[in-house]
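Participant: Given next are the chains, with one letter for each unit.
2 protein chains.
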Amino acid sequence: MRIIVAGGDGFCGWPTALYLSKQGHDVAILDNLSRRKWDDELRSNSLTPIATLEERVAKWKEITGKDIPIYVGDMCHYDYLREVFRQVNPDAFVHFAEQRSAPYSMIDRDHAVFTQVNNVTGTLNVLYAIKEMAPDCHLIKLGTMGEYGTPNIDIEEGYIKIQHKGREDILPYPKQPGSFYHLSKVHDSHNIMFTCRAWGIRATDLNQGVVYGLDTDETMLDPMLVNRLDYDGVFGTALNRFLIQASIGHDLTVYGSGGQTRAFLNIKDTVRCIEIAANNPADRGEFRVFNQFTEWFSVQDLAERVKIVAEEQDLSVNIAHIENPRVEKEDHYYNAVNTNLLDLGLQPYLLTDEVLRDILSACVTNKSRVIVDNVMPKVSWK
Amino acid sequence: MRIIVAGGDGFCGWPTALYLSKQGHDVAILDNLSRRKWDDELRSNSLTPIATLEERVAKWKEITGKDIPIYVGDMCHYDYLREVFRQVNPDAFVHFAEQRSAPYSMIDRDHAVFTQVNNVTGTLNVLYAIKEMAPDCHLIKLGTMGEYGTPNIDIEEGYIKIQHKGREDILPYPKQPGSFYHLSKVHDSHNIMFTCRAWGIRATDLNQGVVYGLDTDETMLDPMLVNRLDYDGVFGTALNRFLIQASIGHDLTVYGSGGQTRAFLNIKDTVRCIEIAANNPADRGEFRVFNQFTEWFSVQDLAERVKIVAEEQDLSVNIAHIENPRVEKEDHYYNAVNTNLLDLGLQPYLLTDEVLRDILSACVTNKSRVIVDNVMPKVSWK
Numbered sequence: 018m019r020i021i022v023a024g025g026d027g028f029c030g031w032p033t034a035l036y037l038s039k040q041g042h043d044v045a046i047l048d049n050l051s052r053r054k055w056d057d058e059l060r061s062n063s064l065t066p067i068a069t070l071e072e073r074v075a076k077w078k079e080i081t082g083k084d085i086p087i088y089v090g091d092m093c094h095y096d097y098l099r100e101v102f103r104q105v106n107p108d109a110f111v112h113f114a115e116q117r118s119a120p121y122s123m124i125d126r127d128h129a130v131f132t133q134v135n136n137v138t139g140t141l142n143v144l145y146a147i148k149e150m151a152p153d154c155h156l157i158k159l160g161t162m163g164e165y166g167t168p169n170i171d172i173e174e175g176y177i178k179i180q181h182k183g184r185e186d187i188l189p190y191p192k193q194p195g196s197f198y199h200l201s202k203v204h205d206s207h208n209i210m211f212t213c214r215a216w217g218i219r220a221t222d223l224n225q226g227v228v229y230g231l232d233t234d235e236t237m238l239d240p241m242l243v244n245r246l247d248y249d250g251v252f253g254t255a256l257n258r259f260l261i262q263a264s265i266g267h268d269l270t271v272y273g274s275g276g277q278t279r280a281f282l283n284i285k286d287t288v289r290c291i292e293i294a295a296n297n298p299a300d301r302g303e304f305r306v307f308n309q310f311t312e313w314f315s316v317q318d319l320a321e322r323v324k325i326v327a328e329e330q331d332l333s334v335n336i337a338h339i340e341n342p343r344v345e346k347e348d349h350y351y352n353a354v355n356t357n358l359l360d361l362g363l364q365p366y367l368l369t370d371e372v373l374r375d376i377l378s379a380c381v382t383n384k385s386r387v388i389v390d391n392v393m394p395k396v397s398w399k
Numbered sequence: 018m019r020i021i022v023a024g025g026d027g028f029c030g031w032p033t034a035l036y037l038s039k040q041g042h043d044v045a046i047l048d049n050l051s052r053r054k055w056d057d058e059l060r061s062n063s064l065t066p067i068a069t070l071e072e073r074v075a076k077w078k079e080i081t082g083k084d085i086p087i088y089v090g091d092m093c094h095y096d097y098l099r100e101v102f103r104q105v106n107p108d109a110f111v112h113f114a115e116q117r118s119a120p121y122s123m124i125d126r127d128h129a130v131f132t133q134v135n136n137v138t139g140t141l142n143v144l145y146a147i148k149e150m151a152p153d154c155h156l157i158k159l160g161t162m163g164e165y166g167t168p169n170i171d172i173e174e175g176y177i178k179i180q181h182k183g184r185e186d187i188l189p190y191p192k193q194p195g196s197f198y199h200l201s202k203v204h205d206s207h208n209i210m211f212t213c214r215a216w217g218i219r220a221t222d223l224n225q226g227v228v229y230g231l232d233t234d235e236t237m238l239d240p241m242l243v244n245r246l247d248y249d250g251v252f253g254t255a256l257n258r259f260l261i262q263a264s265i266g267h268d269l270t271v272y273g274s275g276g277q278t279r280a281f282l283n284i285k286d287t288v289r290c291i292e293i294a295a296n297n298p299a300d301r302g303e304f305r306v307f308n309q310f311t312e313w314f315s316v317q318d319l320a321e322r323v324k325i326v327a328e329e330q331d332l333s334v335n336i337a338h339i340e341n342p343r344v345e346k347e348d349h350y351y352n353a354v355n356t357n358l359l360d361l362g363l364q365p366y367l368l369t370d371e372v373l374r375d376i377l378s379a380c381v382t383n384k385s386r387v388i389v390d391n392v393m394p395k396v397s398w399k
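Chains A and B, in that order, are what the protein sequence lines are. Taking my numbering, the leading residue of the first sequence gets 18, the next gets one more, and so forth. Taking my numbering, the leading residue of the second sequence gets 18, the next gets one more, and so forth.
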């Protein structure tokens, strides 16, 4: 299968590109290297020292003999995207190429508008490119479980049957996203759903939970293939951030009470979910939604899990409840369905203490790279 | 009350500005004159000969003694919007300033992206301007009944109580919009709802039906105050378009079977609904949704109503069922709630034959201005 991985230089995209390549697919990476530029803007870095994209794919070629052509350019430029479609003629388009940080989107008006315009325009461009250049191409789009927010009923996979005043319908699940970033994903979902109906696009929207972990079998083949790992207050997410905080003796920064419950998965499951979606494409005109996570935890639970594992390694860990920079419920119902991917064969890696120890070990190895000033959250929702 | 009417040079905005001014409010118009530019782009025109914005407000001043300062500029330029907020310090911001044609948004990729970026950015800018410059200002935002699509259950006003697996919650009503334009309004609604929660913005989202009519008491005071009237395949909407077609002996262009049912209201009710919303502001943090329409009709029903009235005037009328350029259900359930505005005192003007005759009469008066080539739809959803 010919697969474009857009955003293939990022935290999820890079290991996905390698995994799909290893599985025998013809993978091409499309990326504008934005993620590296945002590090520069925020004076931040990846905990792990990452090679350039050129070095990465050259090393992959050296080890495996497999080519991953790279297209460095911006999906928001439609002529460029069309040219990539013309050269690759993809069977599937895996779309990670968005600004994916909630705090980044909340920095100020410029960042909010940038996030929404960038994400919405890029996705509209992909939809037009598929329509015009490759109508059978399967769009595999990364959404987020954060699109749903925290309703007081069970979260279904994209749709919900509603009985109302003696009638019933299956309708898009109501969305209550909690940042301009999460909103951009909701906008994308609505846009994609419409084009499936109007143009017969085939699309799978993967509402992904918070991803943790670092390595996959492929990224571990050589230090040049290492994945990036974010810990700063803008791009670092819970669990990975706690593990890095533990490794440098920083307080684990739980926002508010820590009762916020979120869905999680290991990066090793991200890459497999993408392949499962690619191998089982949506029908023409189908807008299919998979909730892509394996477990859920409260933030407080995660901090406590990290504390136990870290203390076994003789690290001293303190859980600090800091003022919540976000506007979100800290005590809420959470029960989400995730059966679609399991039904298609996903065998989850669950969050064991061994998994935590492995990530912690990578953190400790690289801890000298941490810029401590970046760890605390500086962006407020208010 | 100090009220900014953004989009105050357009079909809804202009009569709204006059009506609010007559009621004694201090009205300022913000407009980038886009609507006139789109006429140029499409080589189209208003059926009625409209004066420049400067001429319009000068005439209003001459007749009534009331000033309506005008700010000609683009809300997407945040510095400009901030400056308008600084000068006006509004109590309410009435937001009509969006690209509002579904066919225009479906012309091609450029128009789709323009519509969404323009509408989403403008609204994000207003939200930031309110937060930073006038936190008590009430945002009165024009949405559309088209955000809901045609679900097989009753359409409620913005929210719906859902019982699911033994639990219940009141959630945002699911949206199934049918064009990139309608999608842009759904994006706006989600963005506004979030800022009400996160920042305490007070907002009323008016999900307006299709507006028909031309005159209000204020626009009839002088020919220089006449409202614009659209009939072309891009900006013309059902009913107004049928009346103009009848006036020039053109077939009434019913798309497909004509079973599509939509909510409608008279432009005279639009202006009153805006004042009702302004006089009864949402609370801080409240995202309030009103369905702003008075009746619903199928497209076929409207064509038949027009035919009867036109034939009484000795006009020869043929109803033509042309291929539907849109992707939409032509046979569907439709039942929508509109009690919020009625409860606040709206006394609707209903669609009587006399109303039809009055609009038809204005159409006949101006029929020499019709550019016949523009009447048929040329934009396809496919």
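What the hints contain is simulated information worked out from the structure, not anything from laboratory work. Worth double-checking, as some hints may not be accurate.
No copy labels: a pair is met if it fits in one copy or bridges any two.
[Unchecked claim] Below are the DSSO-like pairs computed for lysine-lysine, each with C-alpha atoms no more than 27 Å apart in a straight line:
1) K148 / K399
2) K148 / K346
3) K178 / K148
4) K384 / K39
5) K384 / K399
6) K76 / K395
7) K384 / K395
8) K83 / K324
Remember, it's a predicted structure, so these values are computed and weren't measured experimentally.
Participant: For every hint, state whether the structure bears it out.
Facilitator: Here's how the hints hold up against the structure:
no., hint, in the structure
1, K148 / K399, "between (40 Å within a copy, 10 Å between copies)"
2, K148 / K346, "between (40 Å within a copy, 22 Å between copies)"
3, K178 / K148, "neither (30 Å within a copy, 37 Å between copies)"
4, K384 / K39, "neither (30 Å within a copy, 68 Å between copies)"
5, K384 / K399, "neither (32 Å within a copy, 54 Å between copies)"
6, K76 / K395, "neither (37 Å within a copy, 53 Å between copies)"
7, K384 / K395, "within (21 Å within a copy, 62 Å between copies)"
8, K83 / K324, "neither (41 Å within a copy, 69 Å between copies)"
Hint compliance for this structure: hints 3, 4, 5, 6, 8 are broken, all remaining hints hold.
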